[in-house]
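Engineer: Protein chains in written order, with our numbering: chain A, 561 to 1294; chain B, 6 to 306.
Bear in mind the hints are in silico, worked out from the structure with no lab data behind them.
Wrong hints could be hidden among the right ones.
[Claimed, not checked] A few chain A residues that face chain B, going by a derived Cβ cut-off under 7 Å, partial list only: (1) S1096; (2) L1099; (3) N1111; (4) G1185; (5) V1186; (6) S1187; (7) S1217; (8) G1218; (9) E1220; (10) G1221; (11) A1224; (12) A1227; (13) E1230; (14) T1231.
[Unchecked claim] Each computed BS3-like pair below joins lysine-lysine, with the alpha-carbon atoms no more than 30 Å apart: (15) A/K1120 <-> A/K987; (16) A/K1089 <-> A/K689; (17) A/K1088 <-> B/K59; (18) A/K1235 <-> B/K158; (19) A/K1120 <-> B/K158; (20) A/K1156 <-> A/K1077; (21) B/K221 <-> B/K254; (22) B/K81 <-> A/K1104; (23) B/K15 <-> A/K1120; (24) A/K1261 <-> A/K1251; (25) B/K153 <-> B/K220; (26) B/K254 <-> A/K1249; (27) B/K271 <-> B/K97; (28) B/K265 <-> A/K1103; (29) A/K891 <-> B/K158; (30) A/K1089 <-> B/K81; (31) A/K891 <-> B/K254; (32) B/K119 <-> A/K1104; (33) B/K15 <-> A/K1251; (34) B/K81 <-> A/K1077; (35) B/K156 <-> B/K248; (36) A/K1103 <-> B/K97; (37) B/K15 <-> A/K891; (38) B/K15 <-> B/K59; (39) B/K15 <-> A/K1249; (40) B/K81 <-> B/K265.
From the three backbone atoms N, C-alpha and C, an ideal C-beta is built for every residue, glycine too.
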Amino acid sequence: MQPSEKEQTEKKEQTDAEGALRLPLNREAILSQYENPRWNPSNGREPEEVCAGVEKILVDYASLSRREIKGKLLKYVLSTAQVAVCPDCLFADAIRSEGLIMKIRERWRRDSARGVLAGIIAENENARKTVAYHAGADFGHIAPDWERVLRLGIPGLIRELREAARSAEEAAKPFYSSSLDAMEGFLSYVTRLAETAETCREGLSLRTASNLRGLLAHAPQTLEEAIQLIILVYRVMEHVEGENCRSLGRMDVNLVPFYRDGEEGRWILDQMMLKIFSFGNINNTPFCIGGTDREGKDVTGLLSYRIVEEFEKLDIPDPKIHVRIGEKTPKAFLTAVLSSIRAGKSSFVFVNDDAVLGAYRRLGVPTSEARDYLLIGCYEPQICGQEAPCTCSGKLNFEKGVEAVLNDGCDFLTGLRFGPSCGREYKDFDSLFAAYLAQLDFYIDRSVEKISATERDYMNQNPSPFLSSTFADCVRDGRDVYEGGLRYNNSSISGFGLATAVDSLLAIRELVFREKKLSLPALTEILKKNWEGEESLRLTCLKKLPKYGNNDPDADGLAKEIAEHAAARVIGRKNGRGGLFRFALFSVDWRIWAGKVCGATPDGRFAGEPLSKNLSASIGCDGSGVSALIASATRIPGDLTADGAVLDVVLHESAVSGEEGLSAFLALLETWREKGGMAVHFNVLSPEKLKEAQREPEKYKTLQIRLCGWNVYFVNLSRAEQDEFILNAGRGRI
Amino acid sequence: MTTGTVINIKRFEIHDGDGIRTTLFLKGCPLRCRWCHNPEGLTREPEIGYYAHKCIGCGECAAVCPTGSHLFREGKHLYVRESCHACGACVKVCLGDALVAYGRVVTPEEILPKLMEDIDFFRNSGGGVTLSGGEPLLQAEFSAELLKLLKEKGVNTAVDTCLYAPRESLDAVLPYTDTFLVDVKAMDSSLHKELTGVENRKILDNIRYLDAKGKKMEIRIPYIPGLNDGEMGAIASFLAELKNIVRVKVLPYHDYAVSKYESLGKPYPTDAALPSREECDAARELLRRAGLTVAPDPHEA
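Please construct the entire structure, taking both the sequences and the accompanying hints into account.
Structural biologist: So this is what it looks like as structure tokens:
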């Protein structure tokens, strides 16, 4: 549909008024738009009033199911909470929902925790406190079906709900009524944003209003309408309904039908990326580019390049950009991304299609379906529109098994029992290692049990009338995402601290069983005293013993054995929503807070220090360099980890400088991919520059660092985190 | 059995020939360049480097030293180089990374697997193995055997050499070397002797010989203000006559090796100033004008 004459006139007036600033990009205003929004009082109510209305709904509809109540809440909040429009930003979405519905969910979660789940929570309480394993709900880490959302638009989503409702069986009726309630709220929200933009009449607001009106009438027809719709759905899902919307989709694939290259097209991309950064999500808000279609044809195109170029130009650390790569990815595209990373834009992560498809095959997903995947959050695959991956339902601490075998299943620091009793002495390393694996089995079994129990109660805690409306499967069958409404209703457990555990077991093997330098109980006592008075022994453990991450087949083999053992215990187990468990190897920032409550470890680590990161070697223990680290990490098969596994690579600037450096960087990436790695991200740093940034943070405000799964400004890190990067940057020096 | 004395291996090296390379450093050099940044490569005999600022005073070295060369006086570590046989026992136990072994004796077969570890990276980048030093041609028999083994495995090879070597040595490695990385330091022979301890006739003859044989050469010109900066024009004229120069690199003098000299108990051999970026770029321009392919400053992205 063409814009009406009136709309065209309005746009023209606006552009004439802007003069040279026809495509304004007021960076500061866009980035600070949520700090002090101009809430519109004329078509929305004050927060206190909305809050009271929410409480009234809980009372009035107390007899309905939680899903129906949630539908009523969504309709009410989306129709009443004040909205705001930032005239400098092309895209509107602000709503004063105040996290009200998430607070209700928190109440419901507590009800369950005190009621039906109280027993299983208590059983696993020591494991939670000591961070041996964490298992529970994951409300989110999912993306809606972006392709369907953009294809149908708001009217289409509602139409398909209504059509399915007409032929629905009685039992499914509440599904449709609550999802239609949510959609009614969504219509009101978009309408009120349009009204607000129309009355604002400043900056870009009329253009925004026209996009919003368009979306109320039809599926998106232009680039800016498509992006506006993505942002609206994100906002409602993430901030009103309250699921972590952890990907804005395969951005190049989804936007390519709308994109017209040129100054304006690029400007719209700029507006989009600044908007995403302005969300202020500390873990970044990601989207995906590259990869293949369902037939296996590479999708990289002009828009993929443009996104990389505009992102580099904007010099912002967020959005986080997932780059899918495979054999057919053009070298020129990889070089463009690597060049951007080398220029300090560390927000990119590469994900290897072959590894992901292999991992999905292990789960029984046909390759033709799996090829259309995106990445959730940091690097966790989700099949677009068909899978609820719940990528963070379980966390498994590999280190804790070491404490357990030395201390009869109990915590070093608190004495709490978190694992089965296993004694403290072993006749040889093999029996100690068997006891270690048995500990992991116990943690995994308990995690599976607890996650599944929690999931069986999901509909009491977190039904999702809005999110479910985006999925064809849910709408067809009248089943919520969180009651198994998708084709693949999976859950995930991620192991972390792998290198710390491997190096610790190696230290025990060398010192206690091979060199017989000291007895196992003696070592345990030293560790419980946090190496006090034993600095020489600690340094020997830290520096003189074999370490994972140096292409040592023996050390890496142990890592592989542990990972494969845990993966086999996790993969394919049934969860509480009719789906399966997936396995992962990433640590995000858990390694820091988990490390704080972990005792000293035989690898030379002090109590309280962070555990090893993702697939990396222990801090400072990858002295053989990046090629050895890649060889080590890729010994762990990529197809174990349908839920992701990432390697952090720190390169010194000099290692990739100049034209030959860029070619070497490309060869490094290609070799990693051929070796079957799953995900990799890079920081190109020099310790000198980082030290300078520590001294003079003002000068290095935009220096980016890829942290563990997300990207930040270096100067915003804690001193300890900064120091760790400086150490690693020094290690990467050639 | 042929053996060689090697110092260490560097992996993921991108400035020692084509692609991603693994570089093996051999010990011993016939030259004594005043700007040398690899002083551990000068003598053939193994040596121990001692970095005093890293010593944590643990005393492990004194406990294992067979010659009593590590002393602790009032908690202070004293290393007596004169009595040390450089057996390396102390290095194995040093907990502060203060002691470093420079030089160990290996056979080509022993060292080969370590050099092959990055073969996949070589393949994707057109890289391979580089022998450097020290001076690989000073251990020609070892170098030739090792290069032969590498070529049998299909690995691209490069030799980083000063070419101050007898023709037999050069002929020994020639069939197994894909690229020579050759230093040209000065054209004036008496200046060359002053700066490096030897005259340059043999070197220039060897360069012409390689050129006549059609061997690929990358020429590296160290640029040291006040020492050889006046030689650039003459070097350019010499190189312009050759046919097989694939590229020329100007390597600005740096003083990163100061602490390495200290660790070896050797005086730092020069007080030359660091060259400016502009000086080096001017030298590059001069060489370019002579029709040579000159690599840009490696730090230019």
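Engineer: Run every hint past the structure and note whether it holds.
Structural biologist: A quick look at each hint next to the structure:
no.	hint	result
1	S1096	holds, 5 Å
2	L1099	holds, 4 Å
3	N1111	holds, 6 Å
4	G1185	holds, 5 Å
5	V1186	holds, 5 Å
6	S1187	holds, 5 Å
7	S1217	holds, 5 Å
8	G1218	holds, 5 Å
9	E1220	holds, 5 Å
10	G1221	holds, 6 Å
11	A1224	holds, 4 Å
12	A1227	holds, 3 Å
13	E1230	holds, 5 Å
14	T1231	holds, 5 Å
15	A/K1120 <-> A/K987	holds, 24 Å
16	A/K1089 <-> A/K689	holds, 20 Å
17	A/K1088 <-> B/K59	holds, 28 Å
18	A/K1235 <-> B/K158	holds, 20 Å
19	A/K1120 <-> B/K158	holds, 28 Å
20	A/K1156 <-> A/K1077	holds, 29 Å
21	B/K221 <-> B/K254	holds, 14 Å
22	B/K81 <-> A/K1104	holds, 23 Å
23	B/K15 <-> A/K1120	holds, 26 Å
24	A/K1261 <-> A/K1251	holds, 14 Å
25	B/K153 <-> B/K220	holds, 16 Å
26	B/K254 <-> A/K1249	holds, 26 Å
27	B/K271 <-> B/K97	holds, 23 Å
28	B/K265 <-> A/K1103	holds, 21 Å
29	A/K891 <-> B/K158	holds, 27 Å
30	A/K1089 <-> B/K81	holds, 29 Å
31	A/K891 <-> B/K254	holds, 27 Å
32	B/K119 <-> A/K1104	holds, 19 Å
33	B/K15 <-> A/K1251	holds, 25 Å
34	B/K81 <-> A/K1077	holds, 28 Å
35	B/K156 <-> B/K248	holds, 25 Å
36	A/K1103 <-> B/K97	holds, 10 Å
37	B/K15 <-> A/K891	holds, 27 Å
38	B/K15 <-> B/K59	holds, 22 Å
39	B/K15 <-> A/K1249	holds, 23 Å
40	B/K81 <-> B/K265	holds, 21 Å
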